[in-house]
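Chemist: Quick mapping for you: the protein sequence lines, in order, are chains Y and F. Everything in the first sequence is counted per the numbering used here, starting at 1 for the first residue and increasing by one. Everything in the second sequence is counted per the numbering used here, starting at 173 for the first residue and increasing by one.
None of the hints are false.
Cut-off 25 Å, straight-line C-alpha distance, at most; resulting in silico cross-link-like pairs (DSS-like, lysine-lysine): (1) Lys-343/F / Lys-416/F; (2) Lys-305/F / Lys-224/F; (3) Lys-140/Y / Lys-429/F; (4) Lys-429/F / Lys-416/F; (5) Lys-382/F / Lys-363/F; (6) Lys-444/F / Lys-416/F; (7) Lys-140/Y / Lys-343/F; (8) Lys-196/F / Lys-167/Y; (9) Lys-300/F / Lys-343/F; (10) Lys-382/F / Lys-140/Y; (11) Lys-55/Y / Lys-196/F; (12) Lys-343/F / Lys-429/F; (13) Lys-140/Y / Lys-363/F.
Treat the hints as calculated values from the structure; they're not laboratory data.
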Amino acid sequence: MSSLNKKTFFNSILSYFPVLILFISVLNEIDFNFLEIEYFSFNFVYILIFYWTLKNPNLLGYGSIFIAGLMNDVVIGMPIGISSFCYLLICAATAYLRNITITPNFINDWISLLITILLVNSIQVVTLDIIFSFEVNYMKYFINSGFTFIFYPLVLLLFNILERKIKFQSND
Amino acid sequence: MASSRDDFVIAIRSAFLSKSYQQKFSLLTLLFLSLIVLVLGTFNLKAVQYVKMGINEIAYRSSFIASIPENYIQKLNIQFREHMDVYKNYKKNELLFDELKKKQLSNEFLISENNRLRKLINESIQSKDIYAKVLIDRDSPYLKSIILNKGSKDNVKLGMAVLDDTYLVGKIIEVNYTNSRVLLLSDLNSKIPVLLEPQSLHAVLSGSGKNHGVIEYTKEEYNNKLDIEDKIIVYTSGYGGLFKPGLPVGEITENKKIINFFSDFQQIDYVKIVSFEMQGED
Numbered sequence: 001m002s003s004l005n006k007k008t009f010f011n012s013i014l015s016y017f018p019v020l021i022l023f024i025s026v027l028n029e030i031d032f033n034f035l036e037i038e039y040f041s042f043n044f045v046y047i048l049i050f051y052w053t054l055k056n057p058n059l060l061g062y063g064s065i066f067i068a069g070l071m072n073d074v075v076i077g078m079p080i081g082i083s084s085f086c087y088l089l090i091c092a093a094t095a096y097l098r099n100i101t102i103t104p105n106f107i108n109d110w111i112s113l114l115i116t117i118l119l120v121n122s123i124q125v126v127t128l129d130i131i132f133s134f135e136v137n138y139m140k141y142f143i144n145s146g147f148t149f150i151f152y153p154l155v156l157l158l159f160n161i162l163e164r165k166i167k168f169q170s171n172d
Numbered sequence: 173m174a175s176s177r178d179d180f181v182i183a184i185r186s187a188f189l190s191k192s193y194q195q196k197f198s199l200l201t202l203l204f205l206s207l208i209v210l211v212l213g214t215f216n217l218k219a220v221q222y223v224k225m226g227i228n229e230i231a232y233r234s235s236f237i238a239s240i241p242e243n244y245i246q247k248l249n250i251q252f253r254e255h256m257d258v259y260k261n262y263k264k265n266e267l268l269f270d271e272l273k274k275k276q277l278s279n280e281f282l283i284s285e286n287n288r289l290r291k292l293i294n295e296s297i298q299s300k301d302i303y304a305k306v307l308i309d310r311d312s313p314y315l316k317s318i319i320l321n322k323g324s325k326d327n328v329k330l331g332m333a334v335l336d337d338t339y340l341v342g343k344i345i346e347v348n349y350t351n352s353r354v355l356l357l358s359d360l361n362s363k364i365p366v367l368l369e370p371q372s373l374h375a376v377l378s379g380s381g382k383n384h385g386v387i388e389y390t391k392e393e394y395n396n397k398l399d400i401e402d403k404i405i406v407y408t409s410g411y412g413g414l415f416k417p418g419l420p421v422g423e424i425t426e427n428k429k430i431i432n433f434f435s436d437f438q439q440i441d442y443v444k445i446v447s448f449e450m451q452g453e454d
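Chain Y with its partners taken away, still in its complex shape:
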């Protein structure tokens, strides 16, 4: 009986973990800027959304991704709705990948991430530059995409451990 109670409590905490990290990341903008390395920045939220919507979309709802996007726009100061649109485009890419993939493969996922973030960042830059007349640094976006791509395997390792724990708890 006590085991059942324990399971419910840990399950609820762990199953909300991806959503929790997503909101903390958009509100905190985790990018290690305090290291003051010029040009160094990566988009942790893109990796997070890509991973969880590809591996286990039930743990990260599209609704929370949409709200997180709105929050991100407010914190960063971009036109409200643009991040939500970009995040949901990543979800669309992962949903498509899930539909066409029979056996998941790390290299395929990794390359798909690169193509997705390049596409999403291009849409964001074009929208900001042409429609909203924001002056944007193309190089920074490009480098940001590069670092996001490079950091994926590292974050993947951490998320794989977390996902195994969540699966283990829910099968317990």
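Put chain F on the given structure of chain Y with help from the hints.
Modeler: Frame of chain Y, contents of chain F only:
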């Protein structure tokens, strides 16, 4: 060929329209919703503005709380670096102190002379200061801005100058009820009229997206007049009536085009929001 196209269409349709049992909305619905939000945001409708302000209030406060651990690490990092540079900084400050002591005497004379002259032409500058705490200072690669804990309820208005001690750091670009956003001088979209002294050259200071500004739109004589051996101090010119004239911004040392800001935008904790009014005969 036709079958592979069908597969593609089915995969796309399934990606956008299908939803699992835990998803409340389909992707397509939410994509349309975000587009609607994006379009509505461009209109200046009152209802949209109120909703926007509500979201801003919640997001800024939540972001402040969520940033506490990272800010703590950031502060530790700065403290550590300062500790390591104590001796070097002491020597540098000693020299600077001697230099400033000499300058102070002549400055006092100039200030009193300036006040006397302003009185003669019956002109005075009335300024109002509001002190604010920096809530969020996310150094985003997209926008260089900070969020302050003072808003419209404290009489903060759009366009007001923001100072770090006496140095200009930016201007207010968004005002909510209890907080406001400052566009820093380093942002790509920031452009302010400045005066380069002692050459008395007017120019426009533009942000570069990095921790320095660049000089734009000067007359051709700029390159000829500029003697790089001199240290050039950049002040606000007051053109356009947005900023009080004479606010120190930064200095040009080595590169003719680059302005190093006096204030370190990554270490601002408290700022002064300033509005001013020129009063005179005209």
